[in-house]
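A.B. asks: This is what each chain is made of:
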Amino acid sequence: MAKDGSSMILPSLMSEALKWAHKNSLWPMPFGTSCCGIEIMSTLSSTYDLSRFGAEVVRFSPRQADLLIVGGTITTKMAPVLRTIYEQILEPKWVISMGACASSGNGIFDTYSVLMGIDEIIPVDVYVPGCPPIPEGLIHAILHLQKVIDKNLERKPAVRPTQEDAMNAMTYSKCAQAKLQKSATIVTEDGLAQSKTTPDWKS
Amino acid sequence: MEQSEFVQRQAIATARIHDKYSEDRQLIMDAMNEPILWSTSATDAFNLMKQLQSDELLNFDYLTDITAYDNVDGQDGPKRFVVVYQLFSTKTQTRLRIKLAIDPMETPESLTPLWPGANWLEREVYDMFGVKFKGHPNLRRILMDERFTGFPLRKEYPLKQREQFPDNVPLHLGSHPLAKEERSDEKYLHDFYNPNVLLNIGPAHPAMHGTLRIMCRLNGETIEDAACEIGYLHRGMEKLGENKTYHQWIVYTDRMNYCSALNNNIAYCMTVENLMGISITERCMWVRMILMELSRIIDHIICVAINALDMGAMTVFWLMYYWREEAYTMIESLCGMRLTTTATRVGGMAYDLPEDFIPRLKKFVKEFPSCLVEIHGLLTGNRIWIDRTKNVGKLSKEDALKFSITGPCLRASGIDLDLRRDRPYYAYHQVKFDVVVGSHGDVFERYLVRMEEMRQSVRIIEQCIQRLPGGPIWVDDPRVRIPEKIDVYTKMEVLIHHFKIFMEGINVPPGELYNAVEGPNGELGFYILSKGGPKAWRMRVKAPSFMLFQSFEHSVVGDKIPDAIANLGSLNIIAGELDR
Amino acid sequence: MATINVSRNYTMREKFYLPAIFQGLRITLKRFIQGFVFHKKYTIMYPEEKREYSQRFRGMHFISLDENNIENCTACLLCETVCPSECIHIVADERDPAQNPYGVRKEKRPLSFDIDAIRCCFCGFCEESCPKDAIKLSRNYELSVLSRGEAIYNLDHLKRKVIGRG
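Protein chains in written order, with the numbering used here: chain Y, 469 to 671; chain G, 2 to 581; chain L, 20 to 185.
Same shape as in the complex, but just chain Y (with noise of 0.2 Å):
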């Protein structure tokens, strides 16, 4: 270190040092389905520029991509898809649920063929909320992002479902064995749905 504070070494630990690789050169795989898909489309266009975070590279492609944006509603059609398209994605990996379609299944669009939520199936590590979130509320959740990378470099989001979890999730049909119970609606005995009003995640 030189007298005046400026210095040519910076010693530190790898750890550190990959901690702050990994959170500035993120490369999004935008899964953008329906309005939120717009709004990523905005947040890479020049006036909220994401290339300022390290996230030039935008690849379509799971195989070369580290970050998966989910924006739009997810169906029960579409589920097997997001699944396979999260497992094609190598470690290390992170998800950001964008959108209130995506993060919860938008109450809006609570009916028969919407997935409440995508982390059902794949493990998020932040969530947006937002009809769609403004690009500078995206950009705020991939800095919230960096600074969870930051704490720990493993992944630990708050709801971390396996395969066989996803799997249980992706497969059930009018029945009382659906395991809901991350989502504010219930399936009863006879396959009809009510609306619980004390959500009981509230962790």
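No lab work stands behind these hints, which were simulated from the structure alone.
Even for Gly, the Cβ is constructed at its ideal location relative to N, Cα and C.
Hints are supplied without guarantee of correctness; some may be wrong.
What the hints assert, rightly or not - A short, non-exhaustive set of chain Y residues, derived as facing chain L with CB atoms under 8 Å:
| no. | residue |
| --- | --- |
| 1 | Val-596 |
| 2 | His-608 |
| 3 | Leu-611 |
Add chains G and L to chain Y, keeping to what the hints say.
C.D. replies: Below, chains G and L alone, put in the same frame as chain Y:
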């Protein structure tokens, strides 16, 4: 054309239908004085439509929509379902609705021999209601998963009852599921010399058009056969229309064509207002026209930019998106959100124009044509662009009519049909603009049509700004008027009225209506059947992308794979509208 | 109202594609000079430079307070009825009449007021329908959370002081 002129033509056509076709069929009028003809049996409906198609004077050569509704309360006869056919005449620009009452076990004749575009429409009726059509080449589910049991739009099906499956829908090519020997996981030596390779351009699509799936059979690199699979974004908006009030359903209209959300809001509110017989104020009408043309500009910007991006011309995307952000700033100052606006209400608008809107709009209108000049300089004279887009994805005039497509793609194929000029609504007959057509229907002409339409929209906006009157933005009708907040805080009757509007909803009288608007993508129509009360009995959305994607199966045959991507980009398929 | 036919054929100038290439290069060079020499920028440098949105912007919810820091909400349940996402859950309660300086005007109060922001579609209907000007949407768009439980706004969070939003 003057507004009264097409009303006269409609009246003449109704009189002719009454004379010729209504001896044993019942002819009634709907809420906007358009004719509804009840046919007596399944074969009768087919013969009737065949006669109407070949009739020289009436000439109903265009099929707009096929849908159905549930007659579980028995008001429309003893049978369970009513299938509704919506016809249109391109020569006289008149409409006709034909209804057919059937039981669940009966099978009406399929209309695919007369109009190939009826293929997917009938599949959707089968998917949602369980009505089978005799003679249909490929009757299987279209919007839901194939293995789904139950018919969602029947009244007894609960809204939130889900069924899920652990893997993707099995591959189909046309009418047949793929035979065992053709599965790609078994490899034989002769596969390398096989001229028929199957390629699945899957639902997670890098070409950024959303959740579309195309299965192609290739010979070398040329596509010989294509089948499209949709429904990966089906969210059940039509069933939600039966469970939410008219006011709450405005939220869903934004999410259909999310590139031009204002247009959808306005079209829906126009339909409900026509059903109730409300005519909005002058100022509201001109403001809505400005917003419709602005949303047309931003939708065309997305289409051209993404189309160019798919083919590698990234500069166009960066340059055009700046103008989209300028428009978004204006829209955000109007209603608070950039994309999902919910800016209109039944009878008026949520907010009036803010003070800085018109100066910003004038600046936009002055500077935007320079963008068009720039893009023309980059693309239109460029031989690379012309070679990639000329004679690609050709759709001839006859095919365009038979597949019932609408909008810029129809006009690029050579048919001169624009609802703003032919069946004018609001004040479109008082502004001067030109209708843009092409001749060959290939990708190059669709691009040129869209660029010229943007220039015409700028012209319309300039005229609307000059003629914008002052005055109130809400109509003075106590059935729908949401009162001002100042009055709600101070006056008692206004408070009670406020409570009733939001708690009970708008009371729409019984009746039905089909109202269509020339959206940026084509004819966006709403068919609302109301039996009184705050919620609709049947809310049907006629989305233009649905028929466009069906014609894609036909127009892509004979092209190569990169041409197919260029073709898909030029159609502007928006998955939210396609699947609803 | 005329009809314009935009169909066009190849011209000789387009067949030699070099003039069009040079025209395209000229356009991009003009943009490059604008950015590099004249420093014309279009990017908004978030998070250092935050742009101001209009008064009508629909961001994070809050409940407005009066001069005594009591919420303006009287638990009339209009917002819960009109919300299309079913994301507002209110339990109403009576205000203690002995300690109520407002009398009839604020007889009821919300015992619990939960907004599930992850389910909310930010349509603004609750703000539009509130007869007491209580629930409003602020200009805060930084909403990202790490778990679904953190995005449930209860009454304490909603009663925060918000400046700059009429």
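A.B. asks: Give a verdict on every hint.
C.D. replies: Evaluation of the provided hints:
A cut of 8 Å between beta carbons decides the hint on Val-596(Y): the least distance to chain L is about 5 Å, and the hint holds. A hinted interface residue such as His-608(Y) counts as satisfied when its beta carbon comes closer than 8 Å to some beta carbon of chain L; here the least separation is about 5 Å, so the hint holds. Hint on Leu-611(Y) holds. Least Cβ distance to chain L is approximately 7 Å, under the 8 Å limit.
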